[in-house]
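Enquirer: Sequence:
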Amino acid sequence: MDQTYGSLAERLLCKWEEKKAKAATTNDTGSLNPPPRLLVAVAGPPGSGKTTIANRVAGIINSLPPENNSPKAIVISADGFHLPLAILRKLPNASEALARRGAPWTFDGHAAVSLVRKLEPQAHRQPVLAPTFDHAIKDPVSDGLLIEADVDICILEGNYLLCDEPPWDEIANLVDEKWFVHVEPDLACRRVAFRHLAAGIEATMEEAVRRAKANDLVNGEFIVSKSQGRYDVMIESIESKP
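In my numbering, the protein residues as written are 1 to 242.
Hints are supplied without guarantee of correctness; some may be wrong.
Keeping only pairs whose Cα atoms sit at most 20 Å apart, straight-line, the calculated DMTMM-like set for lysine to aspartate or glutamate is [to be verified]:
id : residue 1 : residue 2
1  : 19        : 232
2  : 118       : 169
3  : 15        : 176
4  : 72        : 176
5  : 178       : 164
6  : 118       : 143
7  : 19        : 177
Hint data in this document are derived by calculation from the structure and do not stem from the laboratory.
Produce the entire structure from the sequences given, and follow the hints as far as they go.
Expert: Pasting the structure below:
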């Protein structure tokens with residue numbers, strides 16, 4: 001996948017230069033104003049490798065020499081928009097909500113859209129706070145990530161960012177680049193099951209696989225069906241070589 005990461009990073013660098021040229025304006029002192037941030041949405045089923053792709057691409061961009069006036073990139077995970085366990089436990093269908101955590105209705109999609117809108121303004125960049133997800137406590141952390149005003153490229157990654165159902169459907173029109181990561185279900189199942197086991201969500205691999213098939217793969221089918229035709233780039237996720 002290294003070649004893919006490099007190609008994607010190069011694509012964003014080109015998009016960034018295009019955006020800078022298009023938005024070039026001067027302020028009262030005669031110097032150039034910073035252009036609006038470049039916003040990228042990376043979507044795909046659980047276990048597709050969205051997080052790895054986003055982080056590797058951001059890492060390549062951030063490793064470029066600063067003397068080249070290279071952009072600064074950051075990754076923002078939609079995991080921070082999980083509804084807290086305390087809220088799920090108060091729902092009338094609490095048992096289902098806990099078992100199906102990760103389904104679209106167990107996220108605060110409106111808050112996710114609101115964050116993208118805060119990042120999108122065309123002038124006068126401001127620092128923006130975003131939630132994160134603490135896997136140790138299995139809950140989101142409000143304002144866990146500070147997106148500084150000097151961040152040029154925001155790579156948002158999450159399951160439902162390109163879905164055509166409200167409120168998620170608004171995001172595609174707010175971002176500059178839309179990437180969808182395709183993964184074979186068997187590979188996604190293995191990855192997610194290992195993740196559940198490592199996080200202590202399930203005690204055995206058999207239970208972890210059962211959970212992945214009952215929830216994560218179901219969500220994955222929904223994501224694929226609801227994201228059709230809503231992306232600029234399709235990325236094929238493959239098994240990493242040892």
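Enquirer: Are the Cα atoms of residue 19 and residue 232 separated by 20 Å or less?
Expert: Status holds; Cα separation ~17 Å.
Enquirer: Regarding the pair residue 15 and residue 176, is the alpha-carbon distance no greater than 20 Å?
Expert: The given pair, whose Cα atoms are some 8 Å apart, holds under the 20 Å limit.
Enquirer: Straight-line Cα separation of residue 118 and residue 169 no greater than 20 Å?
Expert: Within the cut-off at roughly 17 Å; holds.
Enquirer: Measure nothing beyond the straight line between the CA atoms of residue 72 and residue 176; if it is 20 Å or shorter, mark the hint as holding.
Expert: holds (16 Å)
Enquirer: CA of residue 178 to CA of residue 164, is that 20 Å or under?
Expert: Holds. Residue 178 to residue 164 sits at ~13 Å (cutoff 20 Å).
Enquirer: Hinted pair, alpha-carbon criterion (20 Å max): residue 118, residue 143. Please report holds or violated.
Expert: Holds: residue 118 and residue 143 sit about 14 Å apart, inside 20 Å.
Enquirer: Keeping to a limit of 20 Å between CA atoms, is the pair of residue 19 and residue 177 held or broken?
Expert: holds (12 Å)
When each numbered hint is compared with the structure, no violation occurs for any of them.
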